[in-house]
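Spelled out, the chains give:
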Amino acid sequence: MDQLSQTLGKMGGVFLLPLAVALAAFVLIGAPSSWLTLTVAGLSMGMMIFLMASGLSLVFGLMDVLNFGHSAFVSLGAFIAASTLAALSGWLGSPSVLLNIAALLVALMAATAVGLVAGLFFERVIIKPVYSDHLRQILITVGALIVAEQLILAIWGGTPTTVLRPEFLEGSWIVGGSSIQVYRVFAFGLGALVYLALYLALNRTRIGLLIRAGVENREMVESLGFRIDRLFIGVFMLGSALAALGGAMWAGYETLITPALGGEMLVIVFIVVIIGGLGSINGTLLGAILVGLTSNYVGFLAPKVALASNMILMILILLWRPSGLSPAVK
Amino acid sequence: MTGSKFIKTVVLLIWAALLFAPFLFQDVRSIEVAARICIFIVLVASYDLLIGYTGIVSFAHVMFFGMGAYGTAIALDHIGNGWGPLALGTLCGLVVAVALAALIGLLSLRVKAIFFAMITLAAASVMLVLAVQLSGFTGGEDGMTYRTPDLFKTATKLWTDADGKVVRIADVKLNGKLAAYYMVFAVSAVLFWLMLRMVASPVGTVLQAIRENEARAEGIGYRVVAYRTAVFCIAAAVASLAGSVYAVWLKYTGPETALSFDIMIDILLMVVIGGMGTLWGAAIGATLLVLAQYYLRDLMGVAAEAVSGVPLLPDLLNPDRWLLWLGICFILLVYFFPRGIAGTAMARRSVKG
Chain A
1 MDQLSQTLGK
11 MGGVFLLPLA
21 VALAAFVLIG
31 APSSWLTLTV
41 AGLSMGMMIF
51 LMASGLSLVF
61 GLMDVLNFGH
71 SAFVSLGAFI
81 AASTLAALSG
91 WLGSPSVLLN
101 IAALLVALMA
111 ATAVGLVAGL
121 FFERVIIKPV
131 YSDHLRQILI
141 TVGALIVAEQ
151 LILAIWGGTP
161 TTVLRPEFLE
171 GSWIVGGSSI
181 QVYRVFAFGL
191 GALVYLALYL
201 ALNRTRIGLL
211 IRAGVENREM
221 VESLGFRIDR
231 LFIGVFMLGS
241 ALAALGGAMW
251 AGYETLITPA
261 LGGEMLVIVF
271 IVVIIGGLGS
281 INGTLLGAIL
291 VGLTSNYVGF
301 LAPKVALASN
311 MILMILILLW
321 RPSGLSPAVK
Chain B
1 MTGSKFIKTV
11 VLLIWAALLF
21 APFLFQDVRS
31 IEVAARICIF
41 IVLVASYDLL
51 IGYTGIVSFA
61 HVMFFGMGAY
71 GTAIALDHIG
81 NGWGPLALGT
91 LCGLVVAVAL
101 AALIGLLSLR
111 VKAIFFAMIT
121 LAAASVMLVL
131 AVQLSGFTGG
141 EDGMTYRTPD
151 LFKTATKLWT
161 DADGKVVRIA
171 DVKLNGKLAA
181 YYMVFAVSAV
191 LFWLMLRMVA
201 SPVGTVLQAI
211 RENEARAEGI
221 GYRVVAYRTA
231 VFCIAAAVAS
241 LAGSVYAVWL
251 KYTGPETALS
261 FDIMIDILLM
271 VVIGGMGTLW
281 GAAIGATLLV
291 LAQYYLRDLM
301 GVAAEAVSGV
311 PLLPDLLNPD
321 RWLLWLGICF
331 ILLVYFFPRG
341 IAGTAMARRS
351 VKG
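Residue numbers (my numbering), protein chains in the order written: chain A, 1 to 330; chain B, 1 to 353.
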């Protein structure tokens, strides 16, 4: 038994869980083609959720700040992207693929930029006065979430907004009898790219080193003379921008969005960071992939249970590991 | 007059106004408002037991409220409109709410406040989805409309004169509607009084000790997790009863009235505006906010029309946007008066006037 756990630990420990889930689902589903479709769907969903959740997790790890208003950035990104795409519908409609790609890039960049600016504003105005006071933090960020949602409602209205998608992301490929939506592959690729960039930034750069050190022991980094509060603003802005990017991707995935989108995602994002362990990027990725895969598999196998599947997953994992699968050292 | 006495007087005046509400304000809408105030005072006060007295941030309070409401509603809808089903449904809702509260409490009250807040949020959202999805049982999105015991029917005559007509006192018909209102009032008043007693008891002092310094309370020998779980269960029980009463009063239960996250936000706003850590403040917050919900919107509608020529302003003043302004007030309040109306007033030694 000990040997087994040691071998498992060497091979990646808890990071094997998605693989185990996928294998179990393969046996249960029995049809390789539907399994493949579901796996791709789950992975791409997981990657989009990872985009939204990574910032929240880092911000908490670094400064012990939990931002209930995080989902406002998700909605904001979604609507900014939708509006940009609508404004560039000329480019989208043109037969040139280059113009299509340009429109998509502009939309994603607009969402990210707005996320950055909104994050700066949010940190300065909302969060800064209530560092290290959890009760007031929760209250204030909830208040900010209400205000942000109402503003989005006032600007974009309550009726569902249609999101245009570039031509080359429509449709699906047929691989061995299972259809794979192109958009999902795109979402997965983009998410993986962002993860890679984050991973490299955290592990290969000086700032990344400081962030990791700050997550582990903030006082020590401060006493060594580094301005961790400035670092924190940067991380907060980055987290908001990623959330906005995730929201923009999600908007393209859903193609019909309402201002309630952020609130719906907030719960999933929370479940993901709880499962993964607060403060760690790898844990968040693990949690996001697990949630994405299980909700797709369960949705296929037992649609009635699907709604509660995330909750059940979270309870099971919390019973097993009360502080999440892969928490940052604290 | 000291601030504390002032606040208590105001709350007693509110209760007095609620007691005579059917006679003071004689239109249908006012009675609706009064009943809603009664129920929300109880609901907010029970939430204050958690957030104000014990320092627990839960987002599942509306879930317990909904369980009471749905328990009663399902029993009345599926079994019949007698007193038996009413009692059974209320009891079932109560038992389920307390059991679930105990489960959540034991599972997660050991962890940090922030974890607990997230877990309760997730639990509440799952419950909302379940209530909408199990439509055969709960009526789904549309909810349930049902009949309550005959005593509460508007057509019921409590008192008839020689001609068989309903007796009027000060122009108010003594009919079933009045009986229903006084049922709501009585249950709410009793529950509020019980909570006041509880807070004044030694248990209440222990709860405050836990809020102020958890490690110390533990060190003195109080079992913090047990106390927290207990108060979480008590709050859940009170919320569930409030939900049952609301279900009987409205004769309708649906996700919008009993489970939606909007209600949770209302509760949060009420408790913070009124003042955390004083049940008196909960009463003030609930009253102010319910009044604002019903009457401020009308005012905003008028204002929106007045500025209809200006761009964006009418949108912002739209009655549907009132939450926006409330949210801004809420943030400012948490910054500058974290103790709310009652807390700020009670901290002062004397109040003018």
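If you are wondering where the hints come from, they were derived from the structure by calculation, not from laboratory data.
Note that beta-carbon positions come from the ideal geometry of N, C-alpha and C, so glycine has one too.
Among the clues, some could well be false.
Okay, the calculated bits of chain B under chain A, using three or more residues with CB under 8 Å as the criterion [stated by the list, open to error]:
# : region
1 : 62-76
2 : 121-129
3 : 317-329
4 : 332-345
Covered, in the sense of this in silico footprint (three residues per stretch, anywhere, with C-beta under 8 Å from a C-beta of chain B), are these stretches of chain A [what the hints assert, rightly or not]:
# : region
5 : 135-142
6 : 309-317
Computed far set for chain A versus chain B, every beta-carbon distance over 10 Å [stated by the list, open to error]:
#  : residue
7  : Q3
8  : V14
9  : L23
10 : G93
11 : V97
12 : T161
13 : S172
14 : R206
15 : I228
16 : F270
17 : K304
Worksheet item: Checked against the structure, which of the hints given earlier come out wrong?
Response: 1, 16, 17
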